[in-house]
Amino acid sequence: AQKVTQAQTEISVVEKEDVTLDCVYETRDTTYYLFWYKQPPSGELVFLIRRNSFDEQNEISGRYSWNFQKSTSSFNFTITASQVVDSAVYFCALSEGPGNQFYFGTGTSLTVIP
Amino acid sequence: DAGITQSPRHKVTETGTPVTLRCHQTENHRYMYWYRQDPGHGLRLIHYSYGVKDTDKGEVSDGYSVSRSKTEDFLLTLESATSSQTSVYFCAISEGQGTYEQYFGPGTRLTVT
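Sequence lines, in order, name chains A and B. Position 104 of the first sequence, counted from 1, bears residue number 104 in this note's numbering, the numbering being contiguous throughout. Position 40 of the second sequence, counted from 1, bears residue number 40 in this note's numbering, the numbering being contiguous throughout.
Same shape as in the complex, but just chain A:
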């Protein structure tokens, strides 16, 4: 069964618009970890954030914010005032705790149009 679903395959926004990337996960564990990665057109994978299941506080880092809601099994990522440099593929990932592997979603390709 797919553990991480990123239903949005591709999104296009105009520069300065806000955009939210959705991530829905599935797990039976009470302890788990969620991650977001960015893959710009150059191809490298860049770690953005890690969240554990017992910390539901939202997090903000500059123009980036993350909304973790256990009730809906979602860990959504919002970019405020998008810029062309935000154009990339974004991956959400789940780990079911110590000793477990990562499960990646299929990614959302974001294009920010100038």
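These aren't lab readings, by the way, just hints derived from the structure by calculation. A hint or two may mislead.
Facing chain A, from chain B, some residues (calculated, C-beta under 7 Å) [stated by the list, open to error]:
#1 G42
#2 L43
#3 L78
#4 Q97
#5 G98
#6 T99
#7 E101
#8 F104
#9 G107
Sample of chain B residues lacking proximity to chain A, with all beta carbon distances greater than 10 Å (derived) [claimed, not checked]:
#10 T13
#11 E14
#12 G16
#13 T20
#14 E27
#15 H41
#16 G51
#17 T55
#18 E59
#19 L75
#20 S84
By construction, the Cβ of each residue, glycine as well, lies at the ideal position given by its N, Cα and C atoms.
Dock chain B against chain A, hints included.
Positioned in the frame of chain A, the structure of chain B alone reads:
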């Protein structure tokens, strides 16, 4: 940036030939991973290592083998390459399995003709 290098960065090979990809890290992390990235599939785990000579299979391990004789090096071998193994291969490292973020190398683009 985490010190992870992969070699080669690009390779074209013929069906049936053996191929070895190398991942080298300078972070002294215990865990190392090999993933493949294909359109529509995201990243899928091939094999991982939790120490020197300690390895285990991932989700898509058929047709691949790995070896880790030193902490810093993790090798991925395609014994007899097939066209279905055309992909981009990423190595990753982490301090711990599951609880810590993984840091990725630059990737190797492999084409099997």
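Going down the list of hints, with the structure as the test:
no., hint, result
1, G42, "holds, 4 Å"
2, L43, "holds, 4 Å"
3, L78, "violated, 21 Å"
4, Q97, "holds, 5 Å"
5, G98, "holds, 4 Å"
6, T99, "holds, 5 Å"
7, E101, "holds, 5 Å"
8, F104, "holds, 4 Å"
9, G107, "holds, 6 Å"
10, T13, "holds, 20 Å"
11, E14, "holds, 24 Å"
12, G16, "holds, 28 Å"
13, T20, "holds, 21 Å"
14, E27, "holds, 13 Å"
15, H41, "violated, 6 Å"
16, G51, "holds, 13 Å"
17, T55, "holds, 13 Å"
18, E59, "violated, 8 Å"
19, L75, "holds, 19 Å"
20, S84, "holds, 18 Å"
Going through the hint list in order, the structure does not satisfy hints 3, 15, 18.
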